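Heads up: the protein sequence lines correspond to chains S and D, in order. Each residue of the first sequence is one higher than the one before, starting from 295 at the first, in our numbering. Each residue of the second sequence is one higher than the one before, starting from 1038 at the first, in our numbering.
Treat the hints as calculated values from the structure; they're not laboratory data. Hints may contain errors.
[Claimed, not checked] In the DSSO-like style, the derived pairs of lysine-lysine whose C-alpha atoms are separated by at most 27 Å in a straight line are: (1) S:K572 x D:K1312; (2) D:K1043 x S:K610; (3) S:K695 x D:K1312; (4) S:K651 x S:K610; (5) S:K328 x D:K1312; (6) D:K1110 x D:K1043; (7) S:K574 x D:K1043.
[As the list claims (entries may be wrong)] Label-pair distances were calculated between CB atoms; the ranges are: (8) S:V673 x D:L1127: 57 to 63 Å; (9) S:E597 x D:I1275: 55 to 61 Å; (10) D:A1270 x S:H391: 40 to 46 Å; (11) S:A561 x D:E1114: 48 to 54 Å; (12) D:N1266 x S:T709: 19 to 25 Å.
Remember, it's a predicted structure, so these values are computed and weren't measured experimentally. Backbone N, C-alpha and C fix where the C-beta goes; we use that ideal spot for every residue, glycine too.
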Amino acid sequence: MTTQHNDSLLRFMTCGSVDDGKSTLIGRLLFDTKSILADTLTQMDRTSKKRGLEVVDLSLLTDGLQAEREQGITIDVAYRYFSTGTRKYIIADAPGHEQYTRNMVTAASTANLAIILIDARKGVLTQTRRHSFLAQLVGIPHIVVAINKMDLVDFDQATFEKIKADYLSFAEQIGLQRAGRDIQVVPLSALTGDMLVDRGDAMNWYQGPTMLELLESAPAAHSEQNEPFRFPVQFVCRPHASDDKDLHDFRGFMGRVESGEIAVGDAVTVLPNGYTSKVKAIQLGEEQLQNAITEQSVTLLLEDEIDTSRGDMIVKSDQAPEPVKQISGMVCWLSETPLSTARTYIIRNTTRESKAKVGAIEYKVDVNTLEQSEAQGLVMNDIAKINFKLAQPLMVDSYSKNRATGAFIMIDESTNNTVGAGMII
Amino acid sequence: MTTANKTTLSHLDWLEAEAIHILREVAGQCSNPVLLFSGGKDSLCILRLAEKAFRPGRFPFPLMHIDTGHNYKEVIEFRDQRAAELGERLIVRSVEDSMKRGTVVLKSEDESRNKHQSVTLLEAIEEFGFDCCIGGARRDEEKARAKERIMSFRDEFGQWDPKNQRPELWNLYNARSHKGENIRAFPISNWTEMDVWQYIERENLGLPSIYFAHQRDVVMRAGSIVPVNVPLASSELINQPKAGEEIINMEVRFRTVGDITCTAPVISDADTISKIVLETATTTITERGATRLDDQTSDASMEQRKKEGYF
């Protein structure tokens, strides 16, 4: 492992069930990039032998918690890490079964690329459609369809081409390719490793990139769209009690650039009040920056004294969104307690919260058939289009334009649980 | 100091920005948080991140260490020195006080106090009314951590229930809690051991001397290197060799520091941070596998301890 200078980071997710060889695929990626250390391998080897296997079962690497092992299933999203020397990767590994829609949505929320696994013996299945729909819903810009277990169909090109054509026609049907979403299809065998990290020599008919090459070349998050500057204020720094007299008037707005970029001198507006000013300074620790870019956490100082607190948003004056008191979004229900249309929930969007009432459930979507139907309420794993009335204005963008400012969670105040995940239309 | 314009974030920049964001979310959402600080490398990274997150202001939380009384004195001295340099408040609560109160009862005199830290931690949380503890745990450390949330919910008994964790989507963290409940926040969840060392190197952070190669008396016990006759601050020696064990003087360093009775060093001649980075890149053993004597008992031992309120 030579991991001296990773110059970027990619977050991706894997969709599939145990049967598709998902755990083997992750195990193989980690193994072939030399990210599994000897003691872990020894432990896996011991467990494999105990279970009567002759070779090390790479899927053991992603074996879960005791509670899950007892039930033989995966119940939660697990995060794994590996790096290649040029890139660091964070894998969100989510169970693919229907009843875990909420876990897939959770994993997808931070992913910039999704690997959708298809068993070469079975082709496009209902679950493939479900995974693709969810990847689209949660706005993952890059899709890699991995047609796995090619070793079990004699590495047959015709089988691959048929599944590829089936998938692309289905993708067309659900509009997966819209909004510049990029779909790649790659044949592989996670078990033998062909076309994963190494090309192998069983599929010389395939000229495209290997799985790892696709991961290495996928654009980083936020790099492909020109997004407006959005800076939700997390915390205000006023060290007026400090011994340092120069700091008595210091007023720093601390937050993370959720999208776009900002430079010293830019004209800004603070929402929802609409005060305007200019950026006087940008700081990161002791460093004075000339500009700040997407995903950077900084402190902004403005030319004018403006009363600003957590939950406000600093934007460029010529890109200011209109604060709204009604929103409409696709919601995935996450809680075992069903949604009650009679109740009030808290909606959190960036650092801002508002009480919200469910105005109407427009329709519910069947994640398998993609059919829409009427609904009076929602239970866990349901996905529906809902209109909300808000007590406080929110500064939102549509999710398809901006994942950071278009996303919200719903919180049940009585339990403080996160009960819903929403994407603004 | 003015820095040239950036156009993309390196992986360390990204991890740093994420951790600063998490620290500020804790400050923005919780009314009485605390930062757990042991003097170890992970918590030293978090102190650096807190400086970047909150300076020129004071930290919006005190620092706290739960001391088993069996920590390396080099680490304890470093802990105190660092807190003083930063001018931040350091609270120390000790397992020995819990033993005096009778809330910690050891099965035998030489039983490790490490797992009993949970009791002292919960007592301190109650004493100060903390609603959030910030810690340096990483998801790459151990299987039971791979599914841990960045904001992890603990009930009134400090228990972690893997089946009752809040879904965590995008970077919308939910750190709400009712009175008596508690959030554990992990700003460096997504860091690996390598990231930690690369960050220490980049930021030029100071560390307790035992992270660097040094000569030490050890014995080999059940395949592990066990440091012996270790002086405590009180100059009492702990970890006496057992009858028949041969004391060897070896060049070693610690990859992780913690309670003396359950932390083992590794053979190493890495005496600078850049040599440690290189060694970390080429090691074949995981951090906990090589150095934690308490995780080897069973496949699920960390999971079990976390359920009981361990960090």
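Results for each hint:
no.: 1; hint: S:K572 x D:K1312; verdict: 46 Å, violated
no.: 2; hint: D:K1043 x S:K610; verdict: 19 Å, holds
no.: 3; hint: S:K695 x D:K1312; verdict: 45 Å, violated
no.: 4; hint: S:K651 x S:K610; verdict: 30 Å, violated
no.: 5; hint: S:K328 x D:K1312; verdict: 20 Å, holds
no.: 6; hint: D:K1110 x D:K1043; verdict: 42 Å, violated
no.: 7; hint: S:K574 x D:K1043; verdict: 18 Å, holds
no.: 8; hint: S:V673 x D:L1127: 57 to 63 Å; verdict: 49 Å, violated
no.: 9; hint: S:E597 x D:I1275: 55 to 61 Å; verdict: 60 Å, holds
no.: 10; hint: D:A1270 x S:H391: 40 to 46 Å; verdict: 54 Å, violated
no.: 11; hint: S:A561 x D:E1114: 48 to 54 Å; verdict: 51 Å, holds
no.: 12; hint: D:N1266 x S:T709: 19 to 25 Å; verdict: 52 Å, violated
Consistency with the previously given hints fails for numbers 1, 3, 4, 6, 8, 10 and 12, ordered from lowest to highest.
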